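Engineer: One-letter residues, chain by chain:
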Amino acid sequence: MTHNLLELRGVHTHIGAYHILHGVDLAVPDGQVTMLLGRNGAGKTTTLRTIMGLWPASKGELRFRGRRLNETATPDIAAGGIAYVPESMGIFTDLTVKENIVLAARSARHEDELDRARLDWIFGLFPALKKFWLFPAGKLSGGQKQMLAVARAICEPRALILIDEPSKGLAPSIIQNLISAFRELKSQQTTILLVEQNFNMARALGDTVAVMDNGRVVHAGAMAELAVDEGLQQRLLGLSLGAHQ
Amino acid sequence: MKSTTLASAADAAAAVPKAQFDWKPLALLAAVMLLAVPAIGSGSTWLTLTVAGLAMGFIVFVIASGLTLVFGLMDVLNFGHGVFIALGAFVATTVMGGMAGFSAQGGWQSLLVVFGAMLAAMVVAGALGWAFERVIVRPVYGLHLKQILITMGGMIVGEEIIKVIWGPLQIALPLPEILRGSYLIGDAAIEKYRLLASAIGAVVFVALVWTLSRTKIGLLIRAGVQDREMVESLGYRIRRLFVGVFVAGSALAGLGGVMWGLYQQNVSPQIGGQVTVLLFIVIIIGGLGSTLGCFVGALAVGLVANYTGFLAPKVALFSNIALMVAVLLWRPQGLYPVTNR
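Chains A and B, in that order, give the protein sequences.
Counting with my numbering, you get residues 1 to 245 for the letters of the first sequence.
Counting with my numbering, you get residues 246 to 586 for the letters of the second sequence.
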């Protein structure tokens, strides 16, 4: 039986005076892709940021590999094996693609210390990064920046990758490219928690799904079940998969 | 897996259009120097003024480089930067005064004393910077108005402490014999100390550029200037980096204080406050957080101050402000803007 790599129990998060998360319960099984769905403002991004410690939980418990995360600082959470790709991508635009990758590879002090085999694998997933290796990241297109953001998260082995809306604003061909990359990660048993609005992408990748609304998880289960139940989609997300095909 | 070397990645990159280095601010600097030739009329006077302007620019760069890094990385408006300048200068008076006998032997001994004073000033100013960050700056991260108020307050307190230790009066900081006088190139007189100050400024610039572009610490600083949160999300403790940069910036201000004191050949407790406005003009002209921008901005300020001081002394009083306005009309984010800021 698959155990949960990450668990959130009754997590509340406040941002200033605003109460955003109202008791989130979430389980992310090891080696699977968990989709986090929900309408705008449901609390998906806040959940990821709370896991990373960027907005600390005011109540409840977060556990990663059984270890409590609540009081852990963001750098320690990252060093513990969680990579984060924010919605804004967080690319260092004044740095080159190479420098972005060197920075993300904590064990490498410079380019020569990067894991070459892993880098080749990344270049295989995202050929544009090889082409633009010495190019300032700020000059890349939106899709290429997203590729770089994901590449940073996987340039060293990580136990869990949190990705926030990677398909946002991207052309369908780029989205297909990302889906292929995530499938390859999935085939390597990488655990991913993926926030996504694109239901087709969610259906293509997800093993399990959690749907959020008003700062709570209102549905959790297998992605395959949600993908075939248009009534449930309509009720939870206000849409049906049929409308997205 | 097939192993691809990064050399081939570089070859592939060669096929794509390269990002162009922005030469325009450097061209502007050259244009200012060239335009001054006919205005001044005399080649030797132009050379003297140009070297003096560059030397002043190099000294200002040494002082301001720490301020721009601190603002760029930490988003801290440190109006107390001047206290490190003053402290550095006063430490130099103590070291050079205490070693006057050794220095009086002349030659390399006096140069050694000058460099020793610079080193001592950097250590003391760096140590004060560490305490300043912990006690004064840390509680007001992200609060600009409070930063301005409390760092100005810190500078006032610092100046008063300097008065308690060294007294309220101006103290002479004479150049050693070996650095007095000028080299004559034709009719142009090039002061020896200005050449040394320029050399030190150039070394600091090269060291900073090398650190920022060739080391991982430098990468972290450049990345932190753009997105502190993402640097933390990659697993790096940016607070430690903050402290390190603040200490380094304070130490550079201490070094700059010695250079400025020797430039003026005297120091007063207000020396830091007097140059603070100039420093902010330089880092605004350069682009907040940009080391290269700070360098070019400092040289431009030094040159314009010297040229206008000769050509139109009354204009010189506001030449730096005029230069800043002109640059910001051309480039509102400064000469080399840091992205995301």
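No lab work stands behind these hints, which were simulated from the structure alone.
Misleading hints may appear alongside valid ones.
Okay, derived cross-link-like pairs now, DSS-like style, lysine-lysine, Cα gap no bigger than 30 Å in a straight line [unchecked claim]:
1) A:139 <-> B:461
2) A:186 <-> A:130
3) A:130 <-> B:408
4) A:139 <-> B:391
A short list of chain A residues far from chain B (calculated; beta carbon distances all over 10 Å) [said to hold, decoys possible]:
5) 40
6) 95
7) 125
Listed next, with one range per pair, are the computed distances between beta-carbon atoms [unchecked claim]:
8) B:406 <-> A:66: 25 to 35 Å
9) B:391 <-> A:168: 20 to 30 Å
10) A:127 <-> B:462: 25 to 35 Å
11) A:22 <-> B:578: 53 to 63 Å
Everything numeric in this text was worked out from a predicted model, so none of it was measured.
Ideal placement from N, C-alpha and C gives every residue a C-beta, glycine not left out.
Engineer: Are the hints correct? Go through all of them and say.
Structural biologist: Evaluated hints:
Distance restraint check for residue 139 (chain A) and residue 461 (chain B): the Cα-Cα separation of roughly 22 Å lies within the 30 Å cut-off, and the hinted pair is therefore satisfied. A hinted pair counts as satisfied when its Cα atoms are at most 30 Å apart, and residue 186 (chain A) with residue 130 (chain A) qualifies at roughly 22 Å. This hinted pair does not check out: residue 130 (chain A) and residue 408 (chain B) have alpha carbons roughly 60 Å apart, beyond 30 Å. Note on residue 139 (chain A) and residue 391 (chain B): the hinted pairing is violated, with a Cα-Cα distance of about 36 Å set against a maximum of 30 Å.
Every beta carbon of chain B lies more than 10 Å from that of residue 40 (chain A), the smallest distance being close to 22 Å; the non-interface claim holds. Against the 10 Å criterion, residue 95 (chain A) falls within the reach of chain B, whose nearest CB is about 6 Å from its own CB. A cut-off of 10 Å between C-beta atoms confirms that residue 125 (chain A) is not in contact with chain B; the least separation is 12 Å. Between residue 406 (chain B) and residue 66 (chain A) the CB atoms are about 52 Å apart, so this pair departs from the stated range of 25 to 35 Å.
Judged by the Cβ atoms, the range 20 to 30 Å given for residue 391 (chain B) and residue 168 (chain A) is violated: they are separated by roughly 36 Å. A hinted range of 25 to 35 Å holds for the C-beta pair residue 127 (chain A) and residue 462 (chain B), which are about 31 Å apart. For the hinted restraint 53 to 63 Å between residue 22 (chain A) and residue 578 (chain B), the CB-CB distance of approximately 41 Å leaves it violated.
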